[in-house]
Amino acid sequence: AQSVTQLDSQVPVFEEAPVELRCNYSSSVSVYLFWYVQYPNQGLQLLLKYLSGSTLVESINGFEAEFNKSQTSFHLRKPSVHISDTAEYFCAVSGTNNNDMRFGAGTRLTVKP
Amino acid sequence: EAQVTQNPRYLITVTGKKLTVTCSQNMNHEYMSWYRQDPGLGLRQIYYSMNVEVTDKGDVPEGYKVSRKEKRNFPLILESPSPNQTSLYFCASRGQGLYGYTFGSGTRLTVV
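Quick note, the sequences are listed as chains A and B, same order. For the first sequence, this note's numbering begins at 1 and goes up steadily by one. For the second sequence, this note's numbering begins at 1 and goes up steadily by one.
If we strip away everything but chain A, and leave its shape as in the complex, we get:
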């Protein structure tokens, strides 16, 4: 079975600074990788995903994540954050049957003015 470790439970950062949210996974089979975002009092929304092909994937709001198979990582980055990026971010992994999606414990990103 797959598992996910998010290395930081909370990340405070100032507006317009860069940020990296770290995610490592463990699996004995090929995987798909995801980042979800949860704004207060809302459900999770898919931010971006890696299925195959280019190891660098991007979202429409400026986030990107890079799949690194040798380091079993899928870190999320943004070069310049906004107040509106304040949310909880979840990394998730599934096997290629895609039924058993497992989530990390989450990283709370707080962007301060």
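Honestly, the hints are just simulated from the structure, not real lab data. Nothing here was measured: the structure is a model prediction, and the numbers come from that model. For every residue, glycine included, the Cβ atom is placed at its ideal position computed from N, Cα and C. It is possible that some hints are incorrect.
Within a straight-line C-alpha distance of at most 35 angstroms, the following computed DSBU-like cross-link-like pairs (lysine-lysine) qualify [claimed, not checked]: (1) B:K57 x B:K17; (2) B:K65 x A:K49; (3) B:K71 x A:K49; (4) B:K18 x B:K69; (5) A:K69 x B:K57; (6) B:K18 x B:K65; (7) A:K49 x A:K69; (8) A:K49 x B:K69; (9) A:K112 x A:K69; (10) B:K65 x B:K17; (11) B:K57 x A:K49; (12) B:K57 x B:K18; (13) B:K17 x B:K71.
Restraint-style ranges between C-beta atoms, simulated for each label pair [said to hold, decoys possible]: (14) A:Y39 x B:P8: 14 to 22 angstroms; (15) A:T96 x B:N51: 14 to 22 angstroms; (16) B:P83 x A:S27: 32 to 40 angstroms; (17) A:I60 x B:S67: 30 to 38 angstroms; (18) A:T96 x B:N73: 21 to 29 angstroms; (19) A:Q42 x B:T22: 12 to 20 angstroms; (20) A:L56 x B:G16: 48 to 56 angstroms.
With chain A held as given, fit chain B onto it using these hints.
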């Protein structure tokens, strides 16, 4: 609007009183799943369903039941709720070949 709808959003109940949390999706998705979210633990899968009448246990199925009689609905049943089932519950769905779930807005359950 394509969405997953859960009801109720908030529920306070007493130990042992059976309850059902409903989940419905309007996207004709084959796959549906229930998760619970607890601080420091992230989301853990309770049950999932690959299609009508096909369900399977996730990581934390104890104390829960599900059914999938229709493609659009996937209710979560707690026959005898206990305080350790106090949590935030999410229903999610995805279509065949689509990678990544669409989530409902959540149900916050408190069992006293």
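Any hints from earlier that this structure breaks? Give me their numbers in increasing order, please. No numbers; nothing is violated.
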